[in-house]
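Enquirer: Taking the hints into account, I'd like the entire structure generated from these sequences.
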Amino acid sequence: MADERTNSNTTPPPPSTIVPDTVPRSRHTSTASYLTGDLVRGRVAVLRDLGPIPVVPLEYFNSAVLPPLRNGIKVESIEHALKASGRIKSGQWSEYQSNPRSATANEEDYYKHLCGIFTAVTTEAQKVTGTSPTVDFIQKPNSVPVSERINTSRPDGYMRLKDKKSLPRFETDTRDSWDDVAVSFEFKKYTNGKDRQDNERKLIWSLHHIMRSDPCRRSTLGVTIEGANTRLWFTCRSVTMVSEPFDFIKDTSQLIRFFCSVAFAADHELGWDPSIQRMEVVDGHVQYEIALDSANGSSVYVTTCIIAEFGAKAMIGRATRVFKGYLKGDPDKTPVAIKDTWRSWDREREDVILKEIFTDMVNVMDEAAAKDAQKHFLTILDADDVVIDGKQDDTLRLLGGQNPPSDCKMLEIPPEEPPSADKASKQTTPSHTTVPAVADFKVTHRVHIRIVFQEVCETLDSVRDLRGVMQMLLDVLKVLQLLHEIGWVHRDISPGNLMRIGGLVKLADLEYAKRLGSDKTHDFRTGTHHFMACEVESHDYLFGERDEPILKHIAEKLWDGPPRPPFTFNPVHDLESLWWIWVWVMYFYVDEDGMTLPAEQAKAFRLLFPDYIPATRLQRLTTSLKAHVPMAFRDVISCTELFRGRLVKSYRGMEMSLPPNYTDFLPDLTNSFLRALELAVDFAGTTKLFIPPEHCKRKEPERDDRHLVSSNSNKRVKQG
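When the letters of the sequence shown are read in order and numbered with UniProt numbering, they come out as residues 1 to 720.
If you're looking for bench data, these hints aren't it; they were derived computationally from the structure.
Glycine is no exception: its CB is placed at the ideal position from the N, C-alpha and C atoms.
No farther apart than 30 Å at their CA atoms in a straight line, the calculated lysine-lysine pairs in the DSS-like style are these:
| id | residue 1 | residue 2 |
| --- | --- | --- |
| 1 | K333 | K375 |
| 2 | K478 | K324 |
| 3 | K165 | K391 |
| 4 | K355 | K375 |
| 5 | K74 | K391 |
| 6 | K328 | K375 |
| 7 | K355 | K333 |
Label-pair ranges, simulated between beta-carbon atoms:
| id | residue 1 | residue 2 | range |
| --- | --- | --- | --- |
| 8 | D346 | A599 | 46 to 56 Å |
| 9 | P566 | D591 | 39 to 49 Å |
| 10 | P693 | N296 | 46 to 56 Å |
| 11 | S298 | E59 | 31 to 41 Å |
| 12 | P563 | P693 | 44 to 54 Å |
| 13 | K83 | K112 | 20 to 30 Å |
| 14 | N661 | D198 | 50 to 60 Å |
Expert: Right, dumping it as structure tokens:
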């Protein structure tokens with residue numbers, strides 16, 4: 001990295017017109033509680049992330065969400081034919097002439113007649129379509145569909161593709177797979193609140209599992225039935241919604257409409273992505289072919305493994321997955337990284353943002369410094385929005401181009417009682433289901449994009465020597481210094497975004513990067529709460545006020561001066577995020593292989609990085625760190641503590657007036673951070689980093705014992 005830069009002591013001033021910063025959202029599915037693989041903890045995390053779910057009119061669900069009816073299908077004609085054949089008697093299905101509560105059959109036997117009704121409906125529809133249904137209706141409530149990721153839940157029923165997309169675990173494996181499930185079902189004979197909530201929790205988990213485990217999925221459908229009360233569910237990367245209920249026994253036309261919409265739909269209308277195909281399994285890894293149509297032409301990439309899919313765990317969000325692969329037809333199979341993600345519709349693609357950063361570097365720095373600085377960002381080979389059926393793939397299109405009504409009621413589903421270890425955040429859980437009305441509900445839509453990077457890097461959290469980690473943090477800080485000097489902030493510093501290749505550090509994931517003073521704002525952005533600056537987490541300035549909260553509230557009421565300026569992100573918040581990563585390294589690792597995490601270190605780690613999303617970690621930032629770490633880390637953590645004190649002092653100084661006067665503090669603060677990390681590099685020596693057994697206890701590894709082929713086998717299983 002070049003040492004000589006023009007304007008090296010210049011920090012861009014705060015904007016004259018202050019635009020509120022985007023409100024961050026932390027994910028419960030990023031906590032250790034979710035990552036244990038415990039089903040109850042997982043459901044709790046998913047429901048807390050989702051929050052209230054919009055309840056949409058049935059007419060909207062039919063017209064916007066469900067696949068359109070095939071030409072020639074008329075619900076009235078099918079209903080008339082089924083009445084004539086005796087399938088519908090006295091306005092309800094012949095199999096369901098009695099109330100569910102009075103039926104003596106158990107749930108499995110009672111609802112199995114739906115399969116027969118489905119067959120009767122689709123048989124009539126076939127007479128006009130001339131084609132067979134694309135799905136089968138299956139009810140195996142005691143069977144667990146297989147998947148690449150461990151999942152022990154058992155749906156009461158599902159509609160499964162006839163033309164399967166899954167790859168068998170072995171050539172004679174005939175078990176059903178989640179990869180082929182188009183619609184998930186949950187049944188209860190009774191309509192009480194307990195049974196209803198149990199259905200809701202299980203159904204949402206099925207939707208969640210499909211979306212997190214299958215890269216080929218853009219959306220999926222579900223159905224819950226309590227007694228005869230039936231609701232239709234839908235989820236994509238922008239919204240999860242549920243329909244108003246209907247009586248499936250008496251509202252025969254609605255059930256016919258639903259069955260016909262799903263049964264004759266094309267794969268992409270049921271949520272599959274035809275631009276990514278599961279091809280074969282090699283050495284335990286599923287290989288996909290991923291298509292990209294851009295200004296550079298059409299390309300197909302063959303994946304060899306998944307590098308990262310952390311973002312896919314959240315039902316709503318970017319769902320970022322990164323694959324290692326190569327361009328199909330390349331005789332050398334030169335490795336590249338293929339990023340598949342869903343950007344907010346009002347954000348630029350990462351390649352566009354990177355071009356803007358490079359342009360500003362050229363304008364601010366001399367040519368040599370700008371060229372050197374650009375080496376510390378990933379090289380983009382190709383990028384564009386995904387195109388499906390000739391149109392841009394986005395979540396508005398998944399809703400038929402129709403936004404849900406803005407005055408939707410909202411359904412709150414209380415999570416199950418969390419295990420005792422998670423009860424610190426229990427206050428965020430509603431005690432009962434409520435359906436309050438809102439006046440301004442809106443969906444933040446997302447666009448499906450792909451980006452191909454030249455470099456396949458290792459991330460900071462995969463480096464296993466302390467000196468290497470400290471050197472990476474030091475080099476990243478220098479890149480951040482460059483970014484800040486040209487008037488940009490990154491806003492999403494986390495271990496997965498800090499990379500290196502051949503000793504060269506790279507700063508990645510620029511989707512949230514922003515010019516200081518930009519007038520662009522967004523509804524919200526997600527992030528990893530462990531590494532968020534405290535003020536960003538709280539979306540408020542925290543260091544300028546000395547009053548107790550109640551006194552502050554009264555003071556604001558009495559204040560007749562200029563209004564308090566809105567909160568905005570500034571470069572110091574990037575530095576704090578980097579500091580939190582440093583602290584995380586100190587308390588997460590041990591220095592001996594197989595070493596159990598000492599009790600004091602484990603306690604300190606839980607306080608600093610709790611297994612729930614706290615209101616704020618300000619107390620942790622403003623309190624001296626305890627040296628409850630391995631002896632080999634002691635000198636390094638002393639450097640961490642030195643910078644913490646300087647950071648807090650700078651916050652207090654720059655927030656003596658608002659907006660914060662960070663320009664007077666940032667240069668010295670950055671230099672202090674540089675010196676602290678330089679010392680840490682020297683102190684690190686040859687210390688190795690090991691993950692203690694406590695942090696290795698994950699029931700849900702990235703690839704588990706449900707591999708389609710054993711990882712020590714070279715056997716290939718091909719699609720179709």
